[in-house]
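**Student:** Read off the chains here:
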Amino acid sequence: MDELILKLKQQIIEVLNLEEMTPDDIDDDAPLFGDGLSLDSIDALELIVILDKYYGIKLASPAEGKVVFASVNAMAEYIREHRTR
Amino acid sequence: MIGIVATNITSPLGWTSEQNYLAVKAGHTALRNFHSWRGIKDTVTVGAFTPEQEASLLLDGFTKFESLAIRSVKEALSHSDIDVASDRTVFILSTTKGNVGELSDAGGNYSAPGVAAKKIASAVGFTTEPVTVCNACISGVTAQMLAGRLIAAGFYDTAVVCGADCLTEFTLSGFLSFKSLDPSECRPFDIDRLGLNLGEAAATVIYAADAGKDAWRFVSGEMNNDAYHLSAPSPVGDGTVRAINHTLEGFDKECLAFVSAHGTATMFNDQMESKAIASCGLSEVPVSAVKGYFGHTLGAAGVLETIISILSAEDGTVLPVRGFSEIGVSGKMNVVTSPVPTEKTAFLKIISGFGGCNGALLFTKDAGEFGGMTPEVATKVVHTVHITPSSVSVDGEELPVAMRGRELLDEIYKSHIADYPKFHKMDMLGKLVFVASELLTAREDAARENVGGEDGDRKDENRAVILFNATSSIVQDLQHIRTINDTEGFFPSPSVFLYTLPNISIGEVAIRNSYKGETSLYILPEKDNELMDKIIKASFAGSLSRSMITGWADCSGEDTFEAEMKIIEI
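Protein chains in written order, with the working numbering: chain A, 1 to 85; chain B, 1 to 570.
Hints in this document: simulated from the structure, not taken from any laboratory.
None of these values were measured; they are calculated from a predicted model.
A couple of the hints might just be wrong.
[Said to hold, decoys possible] What follows is a list of derived Cβ distance ranges for each label pair:
#1 B/R448 <-> A/E20: 28 to 36 angstroms
#2 B/T43 <-> A/K53: 15 to 23 angstroms
#3 A/Q10 <-> B/V401: 27 to 35 angstroms
#4 A/G36 <-> B/G39: 32 to 40 angstroms
#5 B/N529 <-> A/D28: 51 to 59 angstroms
#6 A/M1 <-> B/L58: 52 to 60 angstroms
#7 B/D395 <-> A/L6: 41 to 49 angstroms
#8 B/T560 <-> A/Q10: 28 to 36 angstroms
Glycine included, each C-beta is placed from N, C-alpha and C at the ideal position.
Construct the complete structure from the given sequences, taking the supplied hints into account.
**Tutor:** Here it is, written out as structure tokens:
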């Protein structure tokens, strides 16, 4: 597994308390919201904190997150382009 | 007749109800823009006391929060002749976070809300045990409902209700993490609204059993949970619609001067309220909302907004919604844009909060009285549960357990529940309340299956969940403070902040079971079965609920907690 993808999955599992999941359980391309991991709006806000805290990326509103949080792959791609740390 | 005999508002706009009303009528606002506020480095607009006001507020030996509440209560009392020292008088404090501005890992001047209520009560001269309502943003309405019920049930003759909250880095950082703050002045119901502004204030209403025929009073009210989401309201306003419909049952809507809406100016709240107002047939009734004058004063809001509404109805004027210019919600509603004269003497107060709770109160100074009940209402205990850090018992039978403390709660989840992964996201109090309620409902389900037939689907959708504790959400409060004190790692977490509202644990139970009755959390100085019993019995008054999950649920540490809960029916 790609290093950033693995790291990101570990961070998502830890921050969102997805206790019963491992990085292998999360499909790189599956949607994070809706059917996929069935995350909700509070989880979306936590993902914004992950981007800020670990990658120095500030998203102004959860609305921007729609594209960024489409999947783990989409999130990793966005981080590669925009990270400041 | 039960009614209001005196009021006070202490806010950045003035020290009395009249000063505040006149400031609002003149279009003044407490809201000011700051490029940073104390430790918060973001641009914010808040309704805060000026440093000079704050200095003049502070009382020797009391925190800012306590001083604010004491001043407000004493000023209200100066307009009445009630006997505060009587054992027939109760003090009810409404607050979301009380003294949290004083809380630190090092201790400081912090005392839990129930203990703070006792300090305030003693300073004023009350002699009975105070009750603190901690029900997120609807606390001020819950507290007034409780006042009416306790008097109607005959337990007290007078109830002094004070709502108060201070602006702190604690709440400001939490709402920032929720992305729910407008950096400039809030715009309720407007197309360009971006969120709320926080404010600070104390507001007091005194209810008396013999307030006289001409006093303002609420004649009906209801609280309902959406059972939908912990922080987002039901998109169709499920709980608000239920609360309004029950509250207005049999009342001619033509008689309403206005609806005093919550109108926080967040995307979701205002949209939800518009849908609820429209589906309750209130589209033509003028809607007023005062967050543009004070900001959101949290635990004070429900009380403060009631008082401003009463003075506005007395003055024959419906106040405009400051900050509103173009409608930005889809439910048809009549937002007031300039002062409208009225001769009507009734209004509806609505309010909603985190944890999925919603409330409605119908105020009038004309006919009618809040529906009382006999205090001897018979409640039947159906099932009981008792959890300590080292033991679990249901209906008096000990369950075998291997773990203790935090691990015990995880063990109960794994061995008895296991199908609700959201459990792992909960804080300690949330986990405690959740496993306790699951053990209760499992017994109930088993009994129902045994009976079968018609009784098989006798589930009470209007079931209420009313819990009590002493330490609010102290474990989670300290966790949130650690994040915001770390200037290098200042990344407040929305989910950590959410659980600093202790009523969130009850919201979880409502969602899990689709319970749409009242959900409330009360904080007492210490466990007091007699007082809890009074409140529980009084809470069935005027409500659709016929059953309740209730009891004690307190968590002050990983290895110090207790849940002693039960299902009761009437």
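**Student:** Would you mind marking each hint as holding or not holding in the structure?
**Tutor:** Results of checking the hints against the structure:
1. B/R448 <-> A/E20: 28 to 36 angstroms: Hint holds: Cβ distance 29 angstroms, inside 28 to 36 angstroms.
2. B/T43 <-> A/K53: 15 to 23 angstroms: For B/T43 and A/K53 the Cβ distance comes to about 21 angstroms; the hint holds.
3. A/Q10 <-> B/V401: 27 to 35 angstroms: Given about 31 angstroms between the Cβ atoms, the range holds.
4. A/G36 <-> B/G39: 32 to 40 angstroms: Distance hint for A/G36, B/G39 holds at roughly 37 angstroms.
5. B/N529 <-> A/D28: 51 to 59 angstroms: Since B/N529 and A/D28 have Cβ atoms about 55 angstroms apart, the given range 51 to 59 angstroms holds.
6. A/M1 <-> B/L58: 52 to 60 angstroms: 58 angstroms Cβ-Cβ, so the 52 to 60 angstroms window holds.
7. B/D395 <-> A/L6: 41 to 49 angstroms: 48 angstroms, holds
8. B/T560 <-> A/Q10: 28 to 36 angstroms: 32 angstroms, holds
When held up to the earlier numbered hints, the structure conflicts with none and fits them all.
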